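Participant: Using the hints, position chain B against chain A.
For the record, the sequence lines run as chains A and B. In terms of the working numbering, the first sequence has 150 at position 146, counting the first letter as 1, and numbering is strictly consecutive. In terms of the working numbering, the second sequence has 321 at position 191, counting the first letter as 1, and numbering is strictly consecutive.
Calculated directly from the structure, the hints in this document are not laboratory data. This one's a predicted model, so the numbers in the text were calculated from it and none came from an experiment. Only true hints are included.
Not close to chain A: a few residues of chain B, all C-beta gaps over 10 Å, as computed:
no., residue
1, Met241
2, Ala244
3, Gln247
4, Lys254
5, Arg279
6, Ser294
7, Ala302
8, Ser341
Here are the simulated lysine to any residue pairs, SDA-like style, with alpha carbons at most 25 Å apart:
no., chain 1, residue 1, chain 2, residue 2
9, B, Lys175, A, Pro98
10, A, Lys56, B, Asp150
11, A, Lys58, B, Pro189
12, B, Lys181, A, Glu34
13, A, Lys158, B, Ala188
14, A, Lys153, B, Tyr178
15, B, Lys181, A, Gln132
Each residue gets a CB set at the ideal place from its N, CA and C atoms; glycine is no exception.
Spelled out from the first residue to the last, the chains are:
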Amino acid sequence: MDKFEELTVPHLGTLYRQAYYLAGNRDDAEDMVQDTYVKARRSFHTLKDSAKCKPWLNSILYRIFIDEYRRKKHYVELTDVPAQEPEDDDSRWPEGVTAEGIKTALESLDPKYRLPLVAHYLSGQSYQEIADTMEIPLGTVMSRIHRAKRTVKKEFARHSRPSLGVIHGGRHGM
Amino acid sequence: MECSRYREPLDLVPSFDCCDPVFTPALDHANICPPCRERLASRLKSEYSIKLTMEASAPVPESLNLFVKNMPSEKMSPGRWMVRYGVIAASILLMATSTISSYRYWQSYKMEAAVEQLRLFSVKNHEIRNTPEFLSDDEKQVAQWLSGRLNKVVQLPKNLKPGSVVGASPSALGEHPVGAVHLVIDGNRSTLYTFDPSPFGVNGAVKKEPSYEMGHTVAAWEEHGVGYSLVSDAPVESMRASFVSGAMR
Numbered sequence: 005m006d007k008f009e010e011l012t013v014p015h016l017g018t019l020y021r022q023a024y025y026l027a028g029n030r031d032d033a034e035d036m037v038q039d040t041y042v043k044a045r046r047s048f049h050t051l052k053d054s055a056k057c058k059p060w061l062n063s064i065l066y067r068i069f070i071d072e073y074r075r076k077k078h079y080v081e082l083t084d085v086p087a088q089e090p091e092d093d094d095s096r097w098p099e100g101v102t103a104e105g106i107k108t109a110l111e112s113l114d115p116k117y118r119l120p121l122v123a124h125y126l127s128g129q130s131y132q133e134i135a136d137t138m139e140i141p142l143g144t145v146m147s148r149i150h151r152a153k154r155t156v157k158k159e160f161a162r163h164s165r166p167s168l169g170v171i172h173g174g175r176h177g178m
Numbered sequence: 131m132e133c134s135r136y137r138e139p140l141d142l143v144p145s146f147d148c149c150d151p152v153f154t155p156a157l158d159h160a161n162i163c164p165p166c167r168e169r170l171a172s173r174l175k176s177e178y179s180i181k182l183t184m185e186a187s188a189p190v191p192e193s194l195n196l197f198v199k200n201m202p203s204e205k206m207s208p209g210r211w212m213v214r215y216g217v218i219a220a221s222i223l224l225m226a227t228s229t230i231s232s233y234r235y236w237q238s239y240k241m242e243a244a245v246e247q248l249r250l251f252s253v254k255n256h257e258i259r260n261t262p263e264f265l266s267d268d269e270k271q272v273a274q275w276l277s278g279r280l281n282k283v284v285q286l287p288k289n290l291k292p293g294s295v296v297g298a299s300p301s302a303l304g305e306h307p308v309g310a311v312h313l314v315i316d317g318n319r320s321t322l323y324t325f326d327p328s329p330f331g332v333n334g335a336v337k338k339e340p341s342y343e344m345g346h347t348v349a350a351w352e353e354h355g356v357g358y359s360l361v362s363d364a365p366v367e368s369m370r371a372s373f374v375s376g377a378m379r
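With the rest of the complex left out, here is chain A (with noise of 0.2 Å):
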């Protein structure tokens, strides 16, 4: 195992689990983390400091999928406009929320507001590492994650909610 493999094969977990929820599938996930493996390892000379390769990865992996979308998606708009507040409401988190649930409901997101929430979810990073490598200003993430967090209590309690117009089976959605 060389140093690249012993620095970077511990957080293999932590990248394709960001990956998976923000691609939103399994095939796109590993096509994102082997990317970030292929950059990583050819720009590896520039990590100065061993310590800091996580957020390195995770700056890398961010990049990949910012690129991607924008690839997909022609133009992504990654500048703070003014957008529709969700509204806040004092119902209580659900619980008992399935990985599916979350999926579906991180892929309501924006990827602006998903790929901070992803990544306060699963990087094990502040809000203010996350502003780091993400490259934005502390008080930008966190509002984005504020926002993002009620979207996403809103999409959870849309899907857990009994549908009354088309007949399922029960519930829906989760």
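Facilitator: Chain B in isolation, oriented as in the chain A frame:
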């Protein structure tokens, strides 16, 4: 009122990380506000559950494990080294060649311009000075007189046929003092200027076959490091015939 103020920070308190001091006021509020405390606890519990579900639901595929562990090292193969450094070496060589060529072209251009200037000075002097200071048809005496007058050794060209010299006088081409030998070619007044090419920056470049220019026949050449320019009222053919070999060497 107080609760709504702390709503956003309480929604951002991480469930799985040590708390940032920025959240302290909100947490202090939650400690004394049961509804907010309950809301926070519910969210933290739920989000922690979400995080655990996410972590458990996406195991790394074996194919990805194998890919990472079998990745080829990025150490550059000899072929890639050769290509990379070959391109760099070729670029440097091309730049050097181009620079040298440009420099040589520029030097050659500069010398040609200087020789042209010399010929122009020679023609102007020939038109102005027409009376020798020293009269003699002996080439050795003329050379000796000029050497004394200019304080340096003056030699007459071997390439020019003897017997036509009539005298000498000091002259100048531009700012540089030179010797002027008065002679006759085919019955026509002529002036031979003898000079050191170095101050003019034309070493090795003085070579111009007799040609008709500016109303005179003009030639220039070098012999053993000494420069000569010859201006004559004679036609080109006559000047050509006055050279030992019938042409300039």
